[in-house]
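Asks: Residue numbers (my numbering), protein chains in the order written: chain A, 1 to 508; chain B, 1 to 793.
Just so you know, not all the hints are guaranteed correct.
What the hints assert, rightly or not - Using 30 Å as the maximum straight-line C-alpha spacing, the simulated DSSO-like pairs for lysine-lysine come out as follows:
#, chain 1, residue 1, chain 2, residue 2
1, A, 489, B, 439
2, B, 587, B, 292
3, A, 246, A, 264
4, A, 6, A, 269
5, A, 341, A, 360
6, A, 476, B, 776
7, A, 269, A, 341
8, A, 246, B, 139
9, B, 141, A, 246
10, A, 360, B, 131
11, A, 360, A, 489
12, B, 292, A, 246
13, B, 131, B, 141
14, B, 776, A, 489
Hints were generated in silico from the structure; no laboratory data involved.
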Amino acid sequence: MREVLKYVRAGRIIELRGRDADDTLLDYIREDLQLKGTKEGCAEGDCGACTVVIGELQEEGVRYRAVNACIMLLGQLDGRELILVEDLAEAGELHPVQQQIVDHHGSQCGFCTPGFVMSCFALYQQRLLAMEMAHQDGGRRFEKLERRHVLDSFAGNLCRCTGYTPLVEAALAACHKPVADKFFARRHKTEVLLRHLNTEPAMALSTPNGFFAAPTDLEDLLALYDRAPGTRLLAGGTDLALEITKQCEELPSLIDVTRVESLKRVEWKSDAVHIGAAVTYSQASETLCEMYPNLGQVLGRIGSVQVRNSGTIGGNIANGSPIGDMPPLLIALGARVELAKKKSERRWLELEDFFIEYGKQALETGEIVARIALPYRQPDQRFSCYKLTKRFDQDISAVLGAFCLRVTGNRITSARIAFGGMAGTPKRARRCEAALRGSSIAGIDNGHPAYYALEQDFQPLSDMRASREYRLAAAKQMLLRALAELPGKGAGLERLHRFDAGEVSHVF
Amino acid sequence: MSSSGIYGQGGKNTPAKVIGKALAHDSAHAHVTGAARYVDDIPEPTGILHVVPGLCRGAAVGEILQLDLTSVKNAAGVVCVLTAADIPGENDCSPGFGGDPVMAQQAISFHGQVVFAVVATSRKAARRAAKLAFLEVEKHKPVVHLREAIESSDSVLPDYAFGRGDIASGMARSVQQVELELDVGGQDHFYLEGQVAMALPQDGGALEVYSSTQHPSEVQHTVAKVLDLPESFVNVNVRRLGGGFGGKESQANQWATLAALAAHKTGRPCKCRLDRDDDMIATGKRHDFLIKAQAGVDEQGRIEAVTYDLASRCGHSADLSLGINDRAMFHLDNAYYYPEVHIKSRRLKTDSVSNTAFRGFGGPQGMLAAERLMDAVASARGRDPLDIRYANLYGQRGTTTPYGMAYEEADTLQALLSQLEARSRYRERRVAVTAFNEKGGHLRRGLALTPVKFGISFTLTELNQAGALVHLYRDGSVHLNHGGTEMGQGLYQKIAQVASQGMGVCLDKIHLAATSTGKVPNTSATAASSGTDLNAMAVLDAIGQIQARLKAFLASQSGAAVQDISFSEDQVLVKGKAVMQLAQLAKQAHQARISLSAQGFFRTPRLDWDRESASGRPFYYFAHGAACAQVLVDTLSGEMRLEAVHILQDVGHSLNPAIDRGQIEGGFVQGLGWLTSEELVFDDAGRLRTHAPSTYKIPCARDVPAAMEVELFNSAGNPEDVVNRSKAVGEPPVMLANAVFCAIGDALHSLAPGHFPQLRAPATPEEIWRCAQAQKELGGAKVLPFAHAQNGS
């Protein structure tokens, strides 16, 4: 075990000891490093003023991703490279993304600007990497940068002054054809450093009041969790960290599950794809869209780039949120979840059975969510999903509906329908499903009992996101749309925001 | 940051004429490198303590029965806990009317009110300790919502009314009566930098305060009042704010005062920075309004007479509600002439946080009502809304406003509107939109073109004054101070350009010093869009004094005629020929014992508004603009997409077109948020449920259409003698977003032509859905779940 945290900044390895397990990366940057360019705007990962870029070792080399420093814990920095807004300019010369923002008059009050610079910088680095990969592999296309890519990159950054147009234009100008910068020039050196760090033993920091452990082996993790059963598991932290920043809770010890090799895998098995619980949204996105292109309608709207770069699907399931977007999608698709305990004790559950009631999941003491099994698409299966929010991007769903209908001839043979935001847990619409089963496609438009069945299935609450009435109506119109998109039903009911899989840009 | 100065495009090569150039913001380099310092970024002095306010979270209104702070005091890291009893002076941080205690003493008047403040060695320790307080309040049922307040009829300020003519005779001339009832929601400022201040004790009990405030003088006066210090003992410094938008006009006082009180008490430097949720819960917002109108119109849809009744939700105290509600009244005409008009306003008390200034200061709410009335008339008369707007526009029948001021730029307004009509291809779009909607699908398009006429000046006349302090040093460099604060609007940059050209020095010789009450005293807030108008004129006054002294000196030395001497690009010119460096002259003048420093002053002319008699001139001039918006609405889900926007804005002769454009685009998007996605939800217990960006949704990049065209109106210049004949641009663009709201209304109108949609602001997806359902019923369409109805049968 390694009693020291090691990360890379500006080409050097930095070692840290003796920190609290619940120290945030943002506090470390501002208070310990005394670097004040990274700002706190909300301390909950919604405004992006604290955006920093993390370099991570991947097969293709070092990959740069934007994350929110306010909800990333310092321990998560281990084995990674940290890039801050102060690191970009060199000897008074601005980085191209900075220069373009100046030239486009992209800052007014300037408080959000470092966050935008860093989101833009991450896009710039990904473009450089993609350009290089296309160069090395003649068959690989270097995609033209479009406005929507920039909008994806900026969905997690709020600006209250500029109205965004100059920032978007600056990003387009800077990242259209990126030129090699100092980070690119020293990429091989950085890669060597990170490789070195990643061959070291797993980190287990003693902290003043507890520990921060990041095991790399699943059995080690389960054994540790068994010994310290009350310890909170960290699987990205985009939700957990809010307990620290918002409720001011003390979390003296944490176990980071995202370093466990076997939990980071995506495996194509015979009947399903197995997604490790520590796979982030960004990492899973391509696989999920390949399996179910319509998932693209929602995946690009879960959190923001920064949140998807940290947040894991396993974490989204394990925290049992009634409004998490992934669980209803996975339930409709018939996903199962593998739970793991020490000494290779494993069990599989239908995902819907994992959510017992609000705040209660089917986890036993010492048990963790290990993998999700997502079955393959069947030829007769029509999957569609809808996310309804006040704001299109980066907003928690008022209602999320997922519809998996199987059709033979002109008859619906089975239906799996699940909603988020309609009950205390992500929940199936069983009466609605039953009403649809066996129905002829031709007869489902007009006052079909399936619509009214939704009223029996759900008694949603009114809250700040939506009223009860609107939630029910929203669920009904989602059903209407899902049915209108069945084969032989014409063009369907056009969506206002076209955000199909083909449009999902895998920018991180 | 380059060493050549703070100017991205400045330096030695700066041309003599920098006024009107699209130069970068003075801090642009510092912004993008993270070097720009905000209050929380100033290196902390050793031994600094952190102040965290303890908010009342269990009740909205009632007597305090018990406050037990024992556990708070005993918590790790806590140095002391402050309550009202620790205040040596007056327990009030209001901007004038009273009623805003720094810390509640006997009673709670809104949910989230500050009751105590923890002072601890770290912010984390202070936050954790603040949770340990025990507070018991004798709860009463709070009056939370505006309609409840209308019922209970309790006001924070007396009603006010003005008008002109005879409503009855106007109504008698009308062929049709049109009614409007409009709910307009509030808005949180959501400045990215939350409220923050740091106070440092100085010799003799004095305090140095760093505050993120739009009103340094008021922070100074409040700190002095609360600590019972002479005002001269408190110095407030402001280099920049991470956004203000009105939310740091009066609302910054409390946090600076708490930091100052803690510093005063402990003798140590203290900082108070609010957590985002606390900031949103404990500080005021834009006022919500209920506006009712009754109008009589003639055959052409021209208003003959109109009465407006305004009710606003002011919160528990007056704060700035007087000026805000007055400004709402001043803008109920917007661009339209009302022959007979009566406007009445009530300023209602609710048991909620006191609402406050927000960009537009009541104007947006008033103008939205005017625009919706035009739409209602168009619906009633079966005409295109733009034609109704033209028919009612100032200049057609009259140019006197409801408050008796002559409006002198009706021609500008008319020209601007017709130019935008052409540029936006409004008529072509109208045909296409109508054709699209006639297909009858679940998606509907809407189109609207709305004008903006916004009065420039503080309506409280005494506020229309400004000061400046300019030093010329012996090396020819200039230290520039004025009373305005830089909150992103580019005030410092604009004034630097004015000073550079006015003084004849290159931009890189000018140091933009932080605003300080010790240098320029007794200032007004940087507000009412007046920052540049007022402060640039004061700076020019100071520069003029220094130049006059230098010219007289040079004339006495060289025999040159005073009128032949000028200054340009660090040179002294006689009859246009350079004779020496300014630095040389400055040095000689100094040796000859001539002062190279001057205090400038400006007061806006022509203002003589008398509120008592509701007569005179409240505004120096008007800023104009117009926007054309096209939206696409999903009537099944209520989602809305803004497809295209065209904007034309009158900024007079721009001081800096890049900065002006930034204000226009940013203001429009802020207005877009106010009218669409930004919803403040208070529950019946008076708790704000949307107190963080996770629940309160300001626009993000995708909400702004690619097809957004912004142009500056080719102006003949401000008719009034404002610097460079420019016009104010801070607030007016917010109201450009009225076009979006009216366009959504237009889309919904297509579901039931002739039935005016009772759309409330903000038009969230749920509100659009609700209104669409109502329209569909009125239009005879069946509603969900009958699928065919959605396809327009």
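Asks: Given the hinted pair residue 131 of chain B and residue 141 of chain B, is their Cα-Cα distance within 30 Å?
Replies: 24 Å, holds
Asks: Within 30 Å, alpha carbon to alpha carbon, are residue 341 of chain A and residue 360 of chain A?
Replies: With Cα atoms ~18 Å apart, residue 341 of chain A and residue 360 of chain A stay inside 30 Å; holds.
Asks: With a cut-off of 30 Å on the C-alpha distance, tell me whether residue 476 of chain A and residue 776 of chain B pass.
Replies: The hint holds at about 17 Å.
Asks: Going straight from one Cα to the other, do residue 269 of chain A and residue 341 of chain A come out at no more than 30 Å?
Replies: Judged against 30 Å, a Cα distance of about 22 Å means the pair holds.
Asks: Could you grab the alpha-carbon distance between residue 6 of chain A and residue 269 of chain A and see if it respects the 30 Å cut-off?
Replies: 35 Å, violated
Asks: Within 30 Å, alpha carbon to alpha carbon, are residue 489 of chain A and residue 439 of chain B?
Replies: Holds. Residue 489 of chain A to residue 439 of chain B sits at ~19 Å (cutoff 30 Å).
Asks: When you check the alpha-carbon spacing of residue 292 of chain B and residue 246 of chain A, does it fall within 30 Å?
Replies: With a Cα-Cα distance of about 41 Å, the restraint between residue 292 of chain B and residue 246 of chain A is violated, given a limit of 30 Å.
Asks: Does the structure keep residue 360 of chain A and residue 131 of chain B at a Cα separation of 30 Å or less?
Replies: Holds, at roughly 26 Å.
Asks: Hint check: residue 776 of chain B vs residue 489 of chain A, CA-CA at most 30 Å. Holds or violated?
Replies: 24 Å, holds
Asks: Hinted pair, alpha-carbon criterion (30 Å max): residue 587 of chain B, residue 292 of chain B. Please report holds or violated.
Replies: 66 Å, violated
Asks: Does residue 489 of chain A sit within 30 Å of residue 360 of chain A, going by the straight-line distance between their CA atoms?
Replies: 40 Å, violated
Asks: Is residue 246 of chain A close enough to residue 139 of chain B, meaning Cα to Cα at most 30 Å?
Replies: 26 Å, holds
The structure fails to meet hints 2, 4, 11, 12 from the earlier list, while all remaining hints are met.
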